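A.B. asks: Sequence:
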Amino acid sequence: MWGHRESVTCIPWQVEVFTLSTGAWRSPYTSNLPRNSIEFDYDNTVVIDGMLYWLATNRITADGGFQSYNLLISFDMTSEEFREVNLPDSLAHQSISGLTIYKLRESLVVLERDVEANDLVFPVWTMEDDLKSFTKLFTINIPDNVSEVCVMGFRKTGEPIIDSLPRYPEWTGSLAVSEPCSKSISSLGINGRDFSHYVYSYIKSLLLL
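Residue numbering for the sequence shown follows the UniProt record's numbering, starting at 1 and increasing by one per position.
Source of the hints: derived by calculation from the structure; they are not laboratory data. Possibly wrong hints are sitting among the right ones.
To be verified - Restricting the straight-line Cα-Cα distance to at most 30 Å, the calculated cross-link-like pairs of lysine-lysine (DSSO-like) are:
| # | residue 1 | residue 2 |
| --- | --- | --- |
| 1 | 183 | 156 |
| 2 | 103 | 156 |
| 3 | 132 | 103 |
| 4 | 103 | 136 |
| 5 | 136 | 183 |
| 6 | 204 | 156 |
| 7 | 136 | 156 |
| 8 | 156 | 132 |
| 9 | 183 | 103 |
| 10 | 204 | 103 |
The structure presented is a predicted model; accordingly, all values stated were derived computationally and were not measured.
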């Protein structure tokens with residue numbers, strides 16, 4: 001799709017809000033829609049305190065070619081306004097496939113897939129309240145006996161939940177909890193085929209809009 005980006009930038013965004021109280025769709029209160037050059041990663045969405053966040057990429061024309069950078073797009077469900085949130089340079093200028101956003105307690109965090117000294121690590125960045133700065137909270141370190149991992153989310157207490165795949169001969173995936181301070185991993189006793197687990201947060205009630 002990127003190869004034809006210049007031919008579709010004239011197509012405007014169409015945004016509608018579904019109101020549960022009326023059971024109908026309507027236009028948002030404001031018209032400040034995202035720029036047409038922005039591509040959303042719809043699999044990377046987080047809701048925190050009445051705000052929706054998407055991981056996105058902005059692809060612009062520069063020096064006769066294209067340049068792109070990653071960012072966050074927020075949508076306020078009260079004012080129904082969109083807003084762009086810039087990421088640190090180390091996150092903005094890498095492949096978007098190496099980034100994931102999560103909710104940690106009541107904060108948004110960006111998980112980065114990286115390699116340090118030939119070891120796979122996952123630095124975790126938290127967004128500050130001003131939406132203008134990010135701070136590295138900790139780094140998830142992967143033990144030598146694990147060949148691959150997938151971070152599934154976080155516990156209420158903040159520990160990352162991971163789906164780990166041990167090295168041969170086991171090749172059986174299992175859910176575990178990473179301890180950032182001790183750099184250890186504790187199994188939850190839930191095993192299965194490699195990367196066959198799903199983790200979802202539990203919410204007791206819904207907010208009527």
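A.B. asks: Run every hint past the structure and note whether it holds.
C.D. replies: Against the structure, the hints:
no.: 1; hint: 183 / 156; in the structure: holds (19 Å)
no.: 2; hint: 103 / 156; in the structure: holds (10 Å)
no.: 3; hint: 132 / 103; in the structure: holds (17 Å)
no.: 4; hint: 103 / 136; in the structure: holds (15 Å)
no.: 5; hint: 136 / 183; in the structure: holds (16 Å)
no.: 6; hint: 204 / 156; in the structure: holds (15 Å)
no.: 7; hint: 136 / 156; in the structure: holds (19 Å)
no.: 8; hint: 156 / 132; in the structure: holds (25 Å)
no.: 9; hint: 183 / 103; in the structure: holds (21 Å)
no.: 10; hint: 204 / 103; in the structure: holds (16 Å)
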